[in-house]
Each structure stands twice: as structure tokens, then as C-alpha cells.
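With chain B's structure known, arrange chains Y and G on it following the hints.
Chains as they are written, first to last, in the working numbering: chain B, 1 to 332; chain Y, 1 to 307; chain G, 1 to 301.
With a cut-off of at most 27 Å between alpha-carbon atoms, the simulated DSS-like pairs for lysine-lysine come out as follows:
1) B:Lys324 with B:Lys245
2) Y:Lys203 with Y:Lys92
3) Y:Lys10 with G:Lys189
4) Y:Lys203 with B:Lys261
5) B:Lys245 with B:Lys202
6) Y:Lys92 with G:Lys189
7) B:Lys245 with B:Lys328
8) Y:Lys127 with Y:Lys87
9) Y:Lys87 with G:Lys189
10) B:Lys245 with B:Lys306
11) B:Lys245 with B:Lys199
12) Y:Lys252 with B:Lys199
13) B:Lys79 with B:Lys91
14) B:Lys74 with B:Lys32
15) B:Lys74 with B:Lys202
16) Y:Lys290 with Y:Lys252
17) B:Lys91 with B:Lys74
18) B:Lys261 with Y:Lys252
No lab work stands behind these hints, which were simulated from the structure alone.
On a predicted model such as this, the values are computed, not experimentally measured, just so you know.
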Amino acid sequence: MPLLTVTNLTVYFHTRNGVVRAAEDVSFEIEKGETLAIVGESGSGKSVTCYSLMGLVPQPPGRIESGSAIFDGKIDLLKCPPQELNRIRGKRMAMIFQDPMTSLNPYLRIEDQVIEPLMIHEDIDRRDAVRRGIHALEEVGVPDAARRIRSYPHEFSGGMRQRVMIAMALITQPELLIADEPTTALDVTIQAQILDLLKDLKKKTRMSILLITHNLGIVGDLADKVAVMYAGRIVEQAPAAVLLKKPLHPYTIGLMRSIPKLGAHAERLQSIPGTVPDAARLPVGCKFHARCDRAQGDCTLDPEPKLVEADGSTRRVRCPYWDKPELKRTIP
Amino acid sequence: MSLVEVNELKAHFPVRAGVLQRPIGWVRAVDGVSLAVNEGETVGLVGESGCGKTTLGRTMLRLIEPTAGEIRFDGQDITQLDRAGMKPFRRKAQMIFQDPYGSLNPRMTIGNIIAEPLRIHKLCANKNGERERVAELLRSVGLSPEHARRYPHEFSGGQRQRIGIARALAVEPKFIICDEPVSALDVSVQAQIINLLQELQEKLTLTYLFIAHDLAVVEHISDRVLVMYYGKIVEEASAEDIYRDPVHPYTKALLSAVPTVEPSEKRPRIIWPPLGTTAEQARASLQQKKLERREVRSNHWVLEEVA
Amino acid sequence: MQQTIAPELPQATPLLREEAGGSLWLDAWHRLSRNKMAVASAVILTVLTLLSVFAPWIAPYSYEEQNLALRAVPPQAGHWLGTDALGRDQLTRLLYGGRVSLMVGIVATGVALAIGVTYGAISGFYGGMVDVVMMRTVDIIYALPFTIFVILLMVFFGRDIRLLFVAIGAVEWLTMARIVRAQVQALQKQEFIEAARALGLRRRRIIFVHMLPNVIGPIIVYATLTVPAVMLLEAFLSFLGLGVQPPMSSWGLMIKDGADRMEECPWLLIAPGVTLATTLFCLNFLGDGLRDALDVRTSKD
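This is chain B alone, in the form it adopts within the complex (with noise of 0.2 Å):
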């Protein structure tokens, strides 16, 4: 059985200028033990759909139009009581961010953070509660972690917060852990390192991963399964090493082709023309037709298309001509 089962999540944002339709029937489950990636540029949805999940969503203007979050089979992550949902956030589900800068409080010391969920969670005296947390930072790799936690964020480099948040969510050794773009403001060796320590803590505790990014080569390296976001819509799911290979939804074959890799010697890159339309304002019918190189007629025509099984029972695309990579675009 699924530790997540999430269902036709849909989220919308009530706002002054509009009905903003940030994600719209969004399905996926993650098993015990494995890293689903989320792929996607900015309005694809897949940020809300990760904060959705952990009850981050503000509520107006968001709302959880539709859709379940099923939790070990059995809680309803978007329509739990809060109680329930304070039992699991924090403690058999965990969350950790993009910025490393800001996601820590200054003015407290890292002691203070790192062992509060487990005074939150767990019925455990300072001094012990201390001692894991001691561990939890060797155990990401702070060095000197018996005095260092003694600091204050500011004392630490980019990196070394990062790895603190990390500590910080795994503390209480969840289930799941959601990870916003972990490595994205790090530089590059710095994220290396970060992606070492998450694949390392993925062996040793068959901890189930819902990475948030746009970069493939981060997918490659540490997801099973990934699902790529388009305008709020999954438009294509594949398990990762499958996917990387070969793409089969205009809009992933596009993402891959726009991305330089290290010794291609391309002359140009080919970039998808256009921009991500407006997620107050979508276009009918696929949401990608206006920048896809073979959008036929009915693609610009309701209802849009629906996932479908593609190659195997393992992949889904939202395309009808997923099988025909030589065909044209034919609208204006």
C-alpha cells in the first residue's frame, strides 16, 4: 500500500484579478521507501501542491477545490481535523525548503530548532532531546556538532544550514519528507554534498522523498518516479530513469532539448518559444498547445486532454499524439 495516495488535487486562489487555477487534478502515490520528483518551471503547480499537502496553503485566498491526500492508507492529509494533522506534520511527515537563509530563525540558537519537534512530538526531556539532536547533525554531516549546536544560524554557511534543516526535519525519523528545491540557492559543490547526504539518509531509513525541482540532472541522481507539471497540470508521469531517457510529451522533449549539458557543443539550444500562460487566464484546451511544435487543431479545442497510459503501463502522458514525435504543428 501507498504511504501517499493523492487524488485529483485541485487547488485554486480566489483573487482580486481573477480565479488563479494554481493545480488542477493532480494524482500521484509515493511508496514506502521511494523518491517521487516533481518537475516543473514556476506556475506549474508544483509548489502548491506540495504545500497543500502539508496544510500550508493560505486559505483564503487558496482552496482546496477537490481531491484527497491519503496518508499510510488511512488520514486524509486535506480534510483531517487539525489536531490530526499537527500529530503528523512535524513528525511522520516532514518539510524542508528552498532558502536556507531565511527558514531558520536568528534569533534562536540551533539547539532551540532542532530539537523542538521532538518536544512537540515526543514525550522526551530536554537533555535527551539534546543528545538526538546532537546526533541528527553528525548525522548530516555538521562537524563538531557537540559545540556547534550551540550556535546561532548566522554562524553558518549556506550549506551548513541547508544541512541543519535537514537534521532539523529528520529528527523524528518520518516517513516522508518533502523537499522545496533543497538545493537550488547552494552552489554547486555545496549541493553535491546535499545530494550525497540525502541519497546516503535514503539508504539507511527507507525514508520516502517528495523532491520539488527543475533540474533534471538532481531527477537522475536521486528520484525513482517523476511526474512533470505544466500550468497546474501533470502532464506526464514515468519512472526516472525511463523518463530521462525518453521524453514523449512536447513539453518535457522541449525542457530537455532547452537545457545546456556540460560538452554538448551545441551551436544553439532549442528553446521552447512563448511563456507559461497566465494561470488566471488558461487557454482552452491543452495548456501547452500555443508552444507546442506539433499542436494540432483539436488541441486548441475543451476538453483538454486527459493523462493517458503511454508505453507501458508505467508512464502517463497528457497527449494525444505522444506517439507521434514526426507530426507538425498545423495552428497558426
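Leaving out everything else, chains Y and G in the frame of chain B:
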């Protein structure tokens, strides 16, 4: 002769303390950099945060005053020029900035933002000519002339970068320093802007210094690559050579840290600084030891300790 | 040739808003007009201002006219707000007093603005020693006791109402300078300022064309909050006998008279007190509303 030449450029910033704000130490952001950029080429400058690459770019345009060293443009030493003397140089060298949200004045229409350099340098004979030129510039970066009436906040990040590029092109520069022009943009938009920069380079015979921390982007767009670390250039070679045959351990570490899509392309991970040393120690060692720039392969230079 | 340069496909109109959005000022105006408290305050203030401006035409009496037969009478027909100890009509004095108080408020604030903005912009822009010296000077002046300063002015230059403007303006500019300096310093780090320098713009142009328009928001807000402070200051000085001199009236003076006779003639205190309080409240609400309306976080993705 190179278009741009920099010799032993230094930009040191004092760390002040005490009531009288006395300098107690120095941040050596740019610490003896020498480089040359030939006309028409793209030189990539790569490094991690804090290495000084942004400071180097700004110092080369004298947006930050150098502490020592010289900057030569078209053979002329511009390091000591006064404001009036610098003005003609301002037409020849421009900069494109990183932050699409902070690099445009939110209170000005983009037409005015692009027209301003035209007015300052008196490049258009009259209002009509100015309007024509603004329209032409907007078109050349892929925007529509009607957009001139709008304000920056009505545009997306990628579009704002295009506006920034149009502004830089208004003075018809020969040399443009691109300071992380795509780092703040979405991946698919990055490709558009990179392509735009390359097309403009061909069309207008531009010379670029391309500063970034993304190795793949730098390698893609550059002819030659300089690797910067704590204020110094530690390795310098053609883009191909840097990638294929890095020599300095820091360069190797950088390349090995890039996550690859293809598992087969994985390099053995090099740790930098070496196990047992801290970043602090690596920096101190770099700044205190005697170093020299040696040509280790053909046209491939590395900063090494003097034996 | 356009085709090869990253074309924007026509229907994927990339702009975040279809209608020519217009400037941030327009946005701010819309936001402000939706703020009911701010709008109500603006209306009340406008009414009060108009009443005061047209005082000579609408006041039933002259402000110094004394009717000794009707001294210190409570509100009644003919004297809607009663009269004071010398038989002067309170309503009239209130209207004329408004002219003084509002004028002091606006003029003194204007003076403070002019000095403060220039001073702060220069200090913030140039930085370094210039900034240090200028700001330490501000600190020193801040430390001087205001009341004594005014008294000294009065002693040397006599009791002229214009001195009041100068005195108050000369003190209020300090905070304005600090605010503008902080804003300018924050702006210095913005890349569009660096771009302006890279283009070769003169410093004067950078300050006035690029920095100040982006600082005007907080300036306006602070100005609307300075006016009530100034009016209160005037009231305080008049209360002490240092400000406006009879037979001229100001709200401050009226409050002083009213306070003196609070027990026997409460109406003398209530009318000016309520009016001054209302004006101050309205200015504060308007100031808050302006601050919220102008606090544009220029868009995110």
C-alpha cells in the same frame, strides 16, 4: 590586440570596526586578476558564490573602483579617467544584470528606460528618431514596439531581461558584460535568452564577458572559460579543454559536482577543499602562498604554487 | 530576421495584464479608493479644510467681535457652539482657528519635506564620510530640547506666527531626513541604479529621476503623518502661550482656554478638542491608507 585587457586588477574592501571605523582587515574580492578578451569572442567567467566574479565584472566597468591594477579598453587605459573621460567609454562597454526584478526602474515606462541612454549620449536627432530607435531595439530583442508604453511590472522575468538587453544595446556598445543574465530565470526561458544573446552577438559583432555559476551554460556559450576562486583566476582554457581536460583541482571538483542526467557521464567526485582542510584554510593558502600562472597545455593556463 | 530571434508567438501574449496597466500610481489610487476608512477620512478632511478656507465668508461673526452681554454662554441659537469669556463666538473662532492650525500643519510639513528630503537623499547617496557627518549632525540636533529652542527663537525674533512655521519645520525635517536616507540606501543596492551608472548618467539625474520617484511613496506617507504631529506641536506651543497670540485663534489656543475653564464652560473645550482629535485621526487613517496603497510589491512569478 585585445579589445579588453585587465592587468593585475585588485578590488579590496576594508572591514571596519570600532568607533572610528578603522580597517581591521580586508576582503580581497578581486585579488590580482589578469585577463584579455578579443573582439567578437565570448569569455566565460565561472565560480561559486563569493569568488569575486560579480565584483570583477563591476570593477571592469568601474562601477566599483579598483584598488590596484589596470583596465585597458581598445588599447586605452581607463583606470584613472575622471567622469568626463569615462563618458565615451560608457558607450563602448555595457552590462546586463542578473535580477530581472531589480534591474529596471519600476516607475519608468520601458520606452523611457530604453530611450534614456539615447538621450544622455545624444544619439538621436529628434523625438521621432528616438521613437524609431526604441522600436527597433524592442524588435531586436523579440518584443513589440507597442510595449514601450508599459511598465516593468507588467512583464515576466524573461521579458524584463530582454528589456535590460535592449537598454544595453541602445548605446551600440562593443563589449557587454553579462552578469548572471539567466540565473534568475526559468529553465525554458534561459534557453531563449541565451539564444538571443548569441544571435545578437553575430548580428552586431559583440564581445561578451559571460559571468555565471552554471558550468553547462558557461561552457555552451563561451569560447574560452576562466575559473575564479577567492578572487583569483585558477584556470583558463578554451571551453572544450576546460571540460575535457581540467587541470586545477578546484576546476575538477566543480565539474565533478554537476549532477548529470546520464549516469554514464558521471565523473569521479573530487572533494574541494581537500579533506582535512577547511574553506578558510584553502583561502588563506591561496592568498599567502606565492603563485604563478603557468601554461600547462597549449593555451591552457593554471595558477600554481611556485615550486 | 525576426523569426530567428526567439519569436514571441502572437497568441501567447506574454504580458501579465491585457489592459495597459498603467503606472504604479494608478494601482495605488485604486487600492486607496477601496480603503473605506481612508476615503472617509479624506472626505472629512476636505470638508474641514473647505470650511476653514471659506471661514471669512461663512462665519457668522468676526473672530474678534466681542459681545459682552453674552459672555461664556453655552451653545444656543445664534451661537451654535457658545461663546467664550469675552463673548466671542466659538464657531467663528473654530473656523478661523482651523485656518491657522491647518496652515501651520501644511506649511511646516512642507518646510520639513523640502529640507529633509534633500538632506536625506544627499546623505544616503554619497555615503561615506559625508553620510557619517550629516547623520551625526542630525543626531545632535535631535538631542536638543525643542521647547527651549522655540523659546529662544521667540526671545530673539519676537512673537511672530511665521516663526512658528520655521521652528516646527526646522525640527520635523530630521525624521524625514532619516527616512529618506534609509530608502535611498536601500535603493543603492538595486541593480537599476547600477545600470544607470553604467550608462553614464550624472549623479544628479540618478538621484532625481531614478531614486526619488521610488522614494516618494514613504515620503508621502510620512508627510501625512507629520501634519498631525505638527498640529499637535502648534497646539502644545499655543497651550504654553508660545504660539498663536490672541485675538487670533487656533485650535490649540482654544483648547487652552477651554482647559482653563473646563468645569464651568465645558463647551469651550469640547468643540476644539473634538475637532482637533478628528482631524488627527483622519490624517492618521489617511496616512495608513496611503502606506498600504503605495506599498507595491512589484510582481512575482
